[in-house]
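As a plain string of letters, each chain reads:
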Amino acid sequence: MSEAGSMQPAERRLSLLVTVLAFALPVLFVLVPLAIFLGYSFFSVDQGTIVYGLSLGNYVRFFTDPIFLPVFWNTIVLCVSVAIICILLAYPAAYFLTTLKGRWRYALLMLLLVPLLMSYVIKIYAIRSILGLNGFLNKALVAVGILQQPSTLFVFNMNAILLTLTLLLIPFAILPIFLSLERIPQVLLRASDDLGASGLQTFLRITLPLSLPGVASAASFVFVLAIGDFLTPQMVGGISGFTFGRILYSQFGTAYNWPFGAALSVALAVVVIAAILVGERFGRNRGTSI
Amino acid sequence: MNQNADLLTLRSVSKSYGTVPVLHDIDLSIKDGEFLTVLGPSGSGKTTVLRLIGGLEPLTSGEIRLDGQDISRMPINKRPFNTVFQDYALFPHLTVSGNVGYGLSVRHIQRKEIVRRVAEALELVQLGRFADRFPAQLSGGQRQRVALARALICQPRLILLDEPLAALDLELRRQMQEFLKSIQREIKTTFLFVTHDQEEAIGMADRICVMEAGHIRQLGTPHDLYYKPNCEFVARFFGENNLVAGKLGPAHGELRSIETALGRLICSISSQPHLKAAPDGASAYAAFRPEALHLVDGKDADNRFSGTIADLAFAGSSTVATIAAGIGNAAQRLRLRVPSRVDGSALKSGETVSLSFAPHEGHLVLA
Chain A
1 MSEAGSMQPA ERRLSLLVTV LAFALPVLFV LVPLAIFLGY SFFSVDQGTI
51 VYGLSLGNYV RFFTDPIFLP VFWNTIVLCV SVAIICILLA YPAAYFLTTL
101 KGRWRYALLM LLLVPLLMSY VIKIYAIRSI LGLNGFLNKA LVAVGILQQP
151 STLFVFNMNA ILLTLTLLLI PFAILPIFLS LERIPQVLLR ASDDLGASGL
201 QTFLRITLPL SLPGVASAAS FVFVLAIGDF LTPQMVGGIS GFTFGRILYS
251 QFGTAYNWPF GAALSVALAV VVIAAILVGE RFGRNRGTSI
Chain B
1 MNQNADLLTL RSVSKSYGTV PVLHDIDLSI KDGEFLTVLG PSGSGKTTVL
51 RLIGGLEPLT SGEIRLDGQD ISRMPINKRP FNTVFQDYAL FPHLTVSGNV
101 GYGLSVRHIQ RKEIVRRVAE ALELVQLGRF ADRFPAQLSG GQRQRVALAR
151 ALICQPRLIL LDEPLAALDL ELRRQMQEFL KSIQREIKTT FLFVTHDQEE
201 AIGMADRICV MEAGHIRQLG TPHDLYYKPN CEFVARFFGE NNLVAGKLGP
251 AHGELRSIET ALGRLICSIS SQPHLKAAPD GASAYAAFRP EALHLVDGKD
301 ADNRFSGTIA DLAFAGSSTV ATIAAGIGNA AQRLRLRVPS RVDGSALKSG
351 ETVSLSFAPH EGHLVLA
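Sequence order for the protein chains is A and B. One point on numbering: in full-length UniProt numbering, the residue at position 29 of the first sequence is 29, and numbering is uninterrupted. One point on numbering: in full-length UniProt numbering, the residue at position 265 of the second sequence is 265, and numbering is uninterrupted.
Next comes chain A alone, as it looks inside the complex:
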């Protein structure tokens, strides 16, 4: 007892340190950079040097220039499509996983998550060679007779970006859906059976609604990751596959217009934050704890 008492001041100092760190680190490494970004978005560039005078010029340009808004909108549509396709593919996979027993379930889950351990760039290269004009996909489609000759339908365009992002991000959709499905107590499904529901009714009325939080977080995950990605569009998009991420990248890289890039980032951040909030809103379940 006395030992614990003498430990107390040291413990209190440690817990104080931990508390300070817990608040300071996110502030220092997340909020401060974001604030700097926000500040930069009100500056401008004159002949390669940044002019530190506040103006709304960057935002006016973003909203008035006919280039940016359509790309912005198309990118949002693309990423929403990626999220939807990922959910549609991931849900059955995750559901199937939860029907497996014991060791198989986790072995298979690990297999599905293995791609996350591989380098992003290598995966993109691999997918690019699959999608190419002489790639596996075209050859397979020709071989089974669906296509007469190799098609350019998914070579260096928006479709290629859509397919690639979907493939790359699907593990991020499977995991939260799997977890939300797994967390549904089996007794609820038995209770539904017991009350006379058919298998389909139990799925539609119990399983599906209770897994929606997982679906919502999966969707916002995939959407946020997709919309922030510039590497994938750069590598598989070709000329026609132009996304907002690429514009952003070019502002910081080739154009060296950091203030305008920062303003575009702010526009993107607004969408990302909105997506996260929506995901969070639907992800919250009314009184899940029984």
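Calculated directly from the structure, the hints in this document are not laboratory data. Every residue gets a Cβ at the ideal spot worked out from N, C-alpha and C, and that includes glycine. Just to be clear, a hint being listed does not mean it is correct.
Where chain A lies over chain B, by a calculated footprint (3+ residues, C-beta under 8 Å) [stated by the list, open to error]:
(1) 87 to 99
(2) 285 to 291
(3) 355 to 361
Below, in silico cross-link-like pairs of lysine to any residue (SDA-like), each with a Cα-Cα straight-line distance of 25 Å or less [to be verified]:
(4) B:Lys112 - A:Arg205
(5) A:Lys101 - B:Pro21
(6) A:Lys101 - B:Arg51
(7) B:Lys78 - B:Pro58
(8) A:Lys101 - B:Tyr17
Given the coordinates of chain A, work out where chain B should sit on it, guided by the hints.
Positioned in the frame of chain A, the structure of chain B alone reads:
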């Protein structure tokens, strides 16, 4: 409803999980309209019986008949039974009325009809005001009542209750016991209630089925089980009891003697033909309740023996004395229950006392 008709019959029902048998050849008839409690310690197979009847598990062998029709292979969602699960299993994303109306809405009953019957069911369980709440916003006792309303709204032939009061505190459990019993009387539906709590069983059941190790040990009214246990397990499990081992002596009409370390004891065997038929010298126990024992002064009482008070425990309305009786290998610990007195117990620790019980309050069980 005909109280004597069998609603449900289990015929030589067995169940194994893999190679582990949990039920051995169970025969059980449930009468229409009765409150039947299945009582047993954990691992006795009592919950398995309920799960087999409800269709949550398939039988390994045997059959279950409802009104004489074999329903062993009938899928769970077609059986006219509903279950109140141990942890209620309320749907967290549905309101109280959503939960209660679930069984009707999956049967595509008209919305107006559902609303009316949900209101009725909630009225019955006194939860009318809580229709729009979610389960997480309710207390344990309220959830319990929602689970009950959800089960009875489908007008099942049989309601299965799987230790539904286990999670409640003592006071609430008492209230719920009375409540369940009164609801059962009101809707006249057959209840099959599983519990490990013998006090709960005594208070609620019309009949009790005592199970142990996958066997039914005894089936009867609480009174029968208390006063005429048919085996050592029931005699020990069901209420506090004193058991003294011995060899059976001759029978005289409704009484039979048994030679024990405490001397010759005489016990009742009325309407228990198997005790009348048991041969002389067979191993058996004399069983008598702590409250049947009393202190005696005279030497002429039946079933008289002496012992030393080893311990006294005050238990509110009564005081329980632990008595050391007999000597050496034959030493026995017995319990004596006497009404408590405001000026302290008349008993003193270490005192030697003479005890006795009336022959008709003692009974015999075969070892």
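Against the structure, test the hints numbered earlier, and report the numbers of the ones violated in rising order.
The structure conflicts with hints 2, 3, although it agrees with all the remaining ones.
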